[in-house]
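A.B. asks: Sequences listed follow chains A and B, in order.
The first sequence begins at 1 in my numbering and counts up by one.
The second sequence begins at 1 in my numbering and counts up by one.
Since the hints were derived computationally from the structure, they do not count as laboratory data.
Be careful, since some hints might not be right.
To be verified - A few chain A residues that face chain B, going by a derived Cβ cut-off under 8 Å, partial list only:
#1 Asn-8
#2 Arg-26
#3 Ala-28
#4 Leu-29
#5 Gln-38
#6 Ala-43
#7 Leu-46
#8 Met-47
#9 Ile-48
#10 Ile-67
#11 Ile-127
#12 Gln-129
#13 Asn-198
#14 Arg-199
#15 Ile-202
Glycine included, every Cβ here is placed at the ideal spot set by N, Cα and C.
Number of protein chains: 2
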Amino acid sequence: MLTPKFDNLVKELKVLPSVGQKTAQRMALHLLNHKRTQGIQLAEALMIAMNEIKQCQICRGFSDDDICPICANPQRDNQLLCIVETAGDMVAIEQTASFQGRYFVLGGYLSPIDGIGAEQLGIDQLIFQLKRQIDEGNPVKEVILATNNTVEGQTTAFFVSEAIKPYVGQISRIAQGVPMGGELEYLDSMTLGQALQNRGKI
Amino acid sequence: MLTPKFDNLVKELKVLPSVGQKTAQRMALHLLNHKRTQGIQLAEALMIAMNEIKQCQICRGFSDDDICPICANPQRDNQLLCIVETAGDMVAIEQTASFQGRYFVLGGYLSPIDGIGAEQLGIDQLIFQLKRQIDEGNPVKEVILATNNTVEGQTTAFFVSEAIKPYVGQISRIAQGVPMGGELEYLDSMTLGQALQNRGKI
Ligand SMILES: [Zn+2]
Ligand SMILES: [Zn+2]
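Here chain A stands alone, though its shape is the one from the complex (with noise of 0.2 Å):
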């Protein structure tokens, strides 16, 4: 549309998620006409974070260097594990900073059809590291299974918690339910029904 070098930016910058042609522009525009200086950190802070960003050894996160720094901090809990399909899920809770235990991440969800089963999983990994505590002295009290609230993260919870039940104290289930400010009313009826039947004393 206008020169080679900002058409490919356009371009390039569309493999952002809900990026389209617009916003891409719109950005494109915004970087050149103000934004130089910056636009040059974003390409060095990209470029770094591609290359060198890796899976870490014991949680299979993302990590600059072999461990994370999760998984290095001496003062999480790591009697406390909570099972994630994806890093992004690992992100999200630890910004509740509600808790203190180490990560699993899965990396997906169970789908044989897929060709995605223990092995793509870790599963392995998993029990190996859970076995290695016990060994040590130092098993894993509670496992919290914190996969997604569908069909999918149902399944590979009810798989996973199967797989560890010889090598864990406890295994819990993050919980399913009405979610903050939510009103029964505009609620669709699948999570209504199952707040329902996961109601607690109170």
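Use these hints to put chain B with the ligands onto chain A, whose structure you have.
C.D. replies: Okay, now just chain B with the ligands, sitting in the frame of chain A:
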């Protein structure tokens, strides 16, 4: 939150317009999980664009070379000139595919209080070009003032119009009225009042 390189990428992504913490995180996770190669391509496109895109020496729009593809295109009518505030406005007009003349980018609107006057808007350069076209026996026949339909844009259009009057045939102003699909009931009264005043015979 996660790792320094991840956090830095999130921080730098927030330079993009309308991208806050949540969106930046989602972008970073998306690239890291699924699109590393494209992330590197984006970094390269950004670096090239930020460092190499310059101002066209004729129209002051963005260009890879000294003269932009539009100014260099002999098919474009150089007796028809559209004056816009920004390169983004130029992109928007190009995308209508309904203009075959050339452009001049002011780079903003008249704002003496911010030190933006004739010099900053390139009025001398504009007049120089108009005069040269007269000397070459190829005068600009029509200038379309396509500054924004804002107080500043209107003032700027009037100011530019006064400055270039001696050197051009006709001066027009882009039409101001009810936008396509605009329902009068929901239109702001400024637009509606202007549309009434600018009414045309049918
Ligand atoms: Zn880790
Ligand atoms: Zn040009």
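A.B. asks: Among all the numbered hints in the text so far, which are the ones the structure does not match?
C.D. replies: Those not satisfied are hints 10, 11, 12, 13, 14 and 15.
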